[in-house]
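**Q** Dock chain to chain to rebuild the complex, using the hints, since each chain is given by itself in its own frame.
For reference, the chains in residue letters:
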Amino acid sequence: MSTENKIIYFDNAATSWPKPEPVYESLGSFLREKGANPGRSGHRMAQAAERAIDGTRNLVSSFLGVGSPERIIFTLNCTDALNIAIHGTVKKSSHVITTSLEHNSVTRVLNELRERKSVEITIIEPSEEGYIDPDNIRKSIRKNTSLIAINHGSNVTGALQDAGETALISRKKGIPFLLDAAQSAGAAPLDLGALGVSLCALPGHKGLLGPTGTGILYVSEDLEISSFRQGGTGTDSASPRHPDKYPFHLEAGTPNTSGIAALGEGIRYVADNFDSIIKREKELLGFLLEELGKTGGIRVYGPRSSEKRVGTISLNAEGWSPDDLGAVLDENFNIAVRTGLHCAPGAHRGLGTFPEGTVRVSCGPFNTEEEAEKLLSALREAVKL
Amino acid sequence: MGCGALGSRVSEELARSGCGFLRIIDRDFIELSNLQRQVLFTEKDVRDNLPKAFAARRHLEEINSGVTIEDIVDDLNYSTADKYLSGADIILDGTDNLEVRMLINDYAQKNRIPYIYGAAVSSYGNSMNIIPGRTPCLRCLFPLLPPPGEVDTCDTAGVISPIPGVIACIEAAEAIKLLSGNPGELRESLLFIDLWSGRFNTYSVKPEPGCECCAAGNYEYLTPEKGKKITTLCGRNAVQITPASGENVNFEDLREKLHPIAEVEGNKFILKFTLDGCGISVFKNGRAIIQGTSDVNRARSLYSRYIGE
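In order, the protein sequences belong to chains A and Y. The numbers in the numbering used here rise by one with no breaks, and the one at position 312 of the first sequence is 474. The numbers in the numbering used here rise by one with no breaks, and the one at position 270 of the second sequence is 274.
Just chain Y, same shape as in the assembly (with noise of 0.2 Å):
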């Protein structure tokens, strides 16, 4: 799930590993900032404006033949995540946010299926594998979403090119652990790596009992009530996301992170600032407007990318 840095990465280890059916899901569109660290894909990509699980559907095919791949070009949201996640036999994380994370984590606990999460930012990264009934879930871990706007993401504190592929390469090989028939060798530790400071930790994690997805059974990233609300402005090319947590932003740290990348404005009551050609404007409580599009997907892109959460 997700075709990024981790995801382009993770499928082609597992394209060349011969994994029989591979469904590949992405909403975004290759650009060329991706080329340092999504190692799938080329210049050409960038100049042919392909979607990014197309784009790998296609070099997959070049690289194994016979390996099934089908590309989803979607968001994946409490609407689609039954469409596009069920009868997989795992979930292999790619993905650049929490929200969507706690929805796979929701999906995989409410219907059996082992997901192994993984992250990667700056120069480190996190991987577990969750496997229901045995290990911890991902809300054990993140009972809460942070604010908007408070953690890193790979836009706006950067990414260097081999953490996400370090990372990518773990989920892979414990991907070939469980689809080989050796659930019993799968690690059942959270793993933590720093490429710039040399640290390799692992976490010994409990699960929690009073946890609302695995303990509880409550799903609530699988319900309209959880996730981000996405209005399509009247008449006017923008879209409004307005998170569901509703807690504030701290609009100096946001200010702080964008600096390097875009010029900020704004007052006590909004953050504005352009990139991408779209003009985004930040409120208190996370809901953001971005104007010059009027596609729910890149909206989403965007908000993860220089907002995050």
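Just chain A, same shape as in the assembly (with noise of 0.2 Å):
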């Protein structure tokens, strides 16, 4: 048993922790020197500050491979990013097509918009090793879909959709095209501009490496969204309507300012180490997967290939419910890991682990393979018992 005090990270699926050490640096050193409001006043440091935020956009912009920065939206999560999107884009009486695999963001946003807007709404189920298969997204398509929102990289078992035929069938329809890039930003590659794909939600805290309370909403130049909130921009301010303009028209109000320059750092990091990030996941992942499918009384549910996933695997083991697996795993070894439904009852439902749930390993870029090894050992000696 682990009598090291080091606590051994597996829940990066919810936040990603550590992050590297300019994002902490950051974080002190923009509230301490930059500290001022962006945007809304001429003096030099409200404009360092608003470089700091300009610079974190362009950064997001070139890293997602889309030209256009003032299309990044800065919002306070993912889940705002998905809230912006959604209802930007729904029409009354409209059509949605979504999977049985979104989380509580997706669902929950749709279920308020077929409750209030008499919105219908299509989910598709995956395969049972948790794809989705974009012939059945383009067969539910109606005259009045509105929308198309699928999860790109599952929370529960990190399946990775092929975003590109969904964004190619929704092209040709002329239908907004909604990618939940929850968790698969900075953990698989993203290049948006060459997907085609016209909305795209990200956490700025998880793969992204940067803090809470930043998250993004990329929206594609052809499309026009309806504002979500309105108020102070600092820009127009005679106006009495909120600005069209992007990015203002969908960001209002001082936004996270040291957060967003942190988070900038993080995905510097990111973009400069992105091929040995995803090298060393993945091998990571493989290995786990390897171990654990010769691990008797552990049973892994979603793809058992390390290929087409993100680094998130879901699992059970024999004679445990998965919340007091997950407390022994605290409790006696130091590992953090995630039990329980992960806001996505859906996908748990597919996987016949409804309503108890699953213990989630969700691995990021600085997990070793020795951390993994404990893991390991630690589950050996809970099934043993």
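Hints may contain errors.
DSBU-like cross-link-like pairs, simulated, lysine-lysine; straight-line CA separation at most 35 Å [to be verified]:
1. A/K168 <-> Y/K233
2. A/K536 <-> Y/K233
3. A/K441 <-> A/K536
4. Y/K230 <-> A/K536
5. Y/K288 <-> A/K536
6. A/K546 <-> Y/K288
7. Y/K276 <-> A/K546
8. Y/K233 <-> A/K546
9. Y/K276 <-> A/K456
Hints in this document: simulated from the structure, not taken from any laboratory.
**A** Listed below in structure tokens is the structure:
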């Protein structure tokens, strides 16, 4: 049993930890040196703050392969970005296509619209391994379909969907396509320009290694969506209406300046080390999947291979409820995992793990093989009892 | 505060004595096993599934309609303490665990409210008058909470009905002295009574010069840092309760305590048992996962009753 106090963190799908050193550094130095309100005042400190925000905006747009930084919207988190995208596109009495793999940050928003705006929803089921067949999406399109919203990397099984094919289908039909990149941003290649996605929601604090309280919405240039919240933007203040100009159209109020500046450092780190991050996560994932597959009493859900997936593994152990096992990993082995439904009940219904859920092990760029070994030995010890 | 065996009796004594205003706070509902000692309640209350505070108010209003009674069916914790305890002339103890007593003690010291401490289990009990600025406080007596699973509770060790009655009547008598304008008559010692062996002892207690509460003014139990952390688990009908102390539970002791009332299974990592329709898992540092309820107050009650502290 581990007696070290150092936590072994396998909960990167909830939020990544630790962060690269410049992220910590930036949070402190930004508040000390550039803590003014960007875009509101003309003084040098406000300009420095604005430069930092614009700097992160530029980094995001080039990281995502889109040429228009003004179409990068800073949000509170990924849920906020999804809300802005869904409420901004889905019209009254229209139809939406989504999947049973979605997080509550999509399903609950859509359910609200079903009640408030009489929206009809088609839910596509995945294959046994957790993949959505884009052809099923194509076949579900109706005349009044106003949005296709799918999860890129599953936060339960880790399955990574084929976003390109779905994007192509939606482009052909002229339907906005929203990609929820909560789990894939920073953990899988995500070239939004090449994919042709019209809307993409990303958290700043997961694979992009920024602090909590940061999120991103990308809106393609050929798509106009209605503003979600209105207020101060620092521009065009004489106008009684909220501006149409991006990014202000979808941003209102003072942004999380220090968080966004620090997010820039996180993205810089990911961009500079992208290939090695992906390689390392794949190796770790492959190792864990192989070893778990050999461990009697452990059942792994979702794709068996480390290809076409992100660094998340869902499992259950014989004789243990997921919550009990998670508590033991935490208390006796200093291993942090998440247990339960992971805010995605539909995915668990499909896996047959509802309502207890699973133990979710999610790898990040700083997890090591030694940590993976410790996790495996803890699981083996628990299963033996 | 609290309306079980102690609280229901204290409130009855005070209502009959004509105390003008009583606020009764308790999160629990009456169960059949309570009737053995909780003298205000009836089998009909159990059948009607009534909350203790609500049922107590109704019975007391029938006993003395001249008393104004307010019933609060909720948990007392750092976030509700000010709402429920502010403006009190005196706080009487009818609780069943030391953590909430520490919270009351902190609140009473901070706001200079007299607090009459009382506790009873098995055949013995304690009581002490805690008068801010005059007597030691409860934390002078108990600087630290005992580890989870260590103390006896009425549900694990049992309790004979007379002992909470005796302690409650003593609390009520002290309250009457104070409310009738005779603070000089209050007992300043710690009283210990064991009805089985017939021991009635008083101990003189001195204020601790290093007391975190009454000497240093650190009212830690009024912050989220000190009390239990309650988490409703993602999706499932379960509540996780984690004590702040992180002290290790002695699984053997706890297993023995629970042995007469439940089938306990487990291994070196976990103890599991089912009581009152809920599956309860206890882990080494006192964390518990209560399955079969998403009601935080019910989960807290089960923790106090079967694990203790």
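**Q** Compare the structure with each hint and give your call.
**A** The hints, checked one at a time:
With a CA separation close to 22 Å, the supplied pair A/K168 and Y/K233 stays within the 35 Å bound. Annotation: proposed proximity of A/K536 to Y/K233 holds, straight-line Cα distance about 28 Å (limit 35 Å). Straight-line distance between C-alpha atoms of A/K441 and A/K536 comes to about 21 Å, which keeps the hinted pair within the 35 Å bound. Our distance criterion of 35 Å between C-alpha atoms is met by Y/K230 and A/K536, whose separation comes to about 31 Å.
Between Y/K288 and A/K536 the CA atoms are separated by roughly 19 Å; this keeps the pair inside 35 Å, and the hint holds. Between A/K546 and Y/K288, the direct Cα distance comes to roughly 18 Å. Compliance with the 35 Å bound is thereby established for this hinted pair. For a cut-off of 35 Å, the pair hint linking Y/K276 to A/K546 stands: about 17 Å separates their Cα positions. Of the pairs offered as hints, the one joining Y/K233 and A/K546 holds, with about 30 Å between alpha carbons and a cut-off of 35 Å not exceeded.
With a CA separation close to 28 Å, the supplied pair Y/K276 and A/K456 stays within the 35 Å bound.
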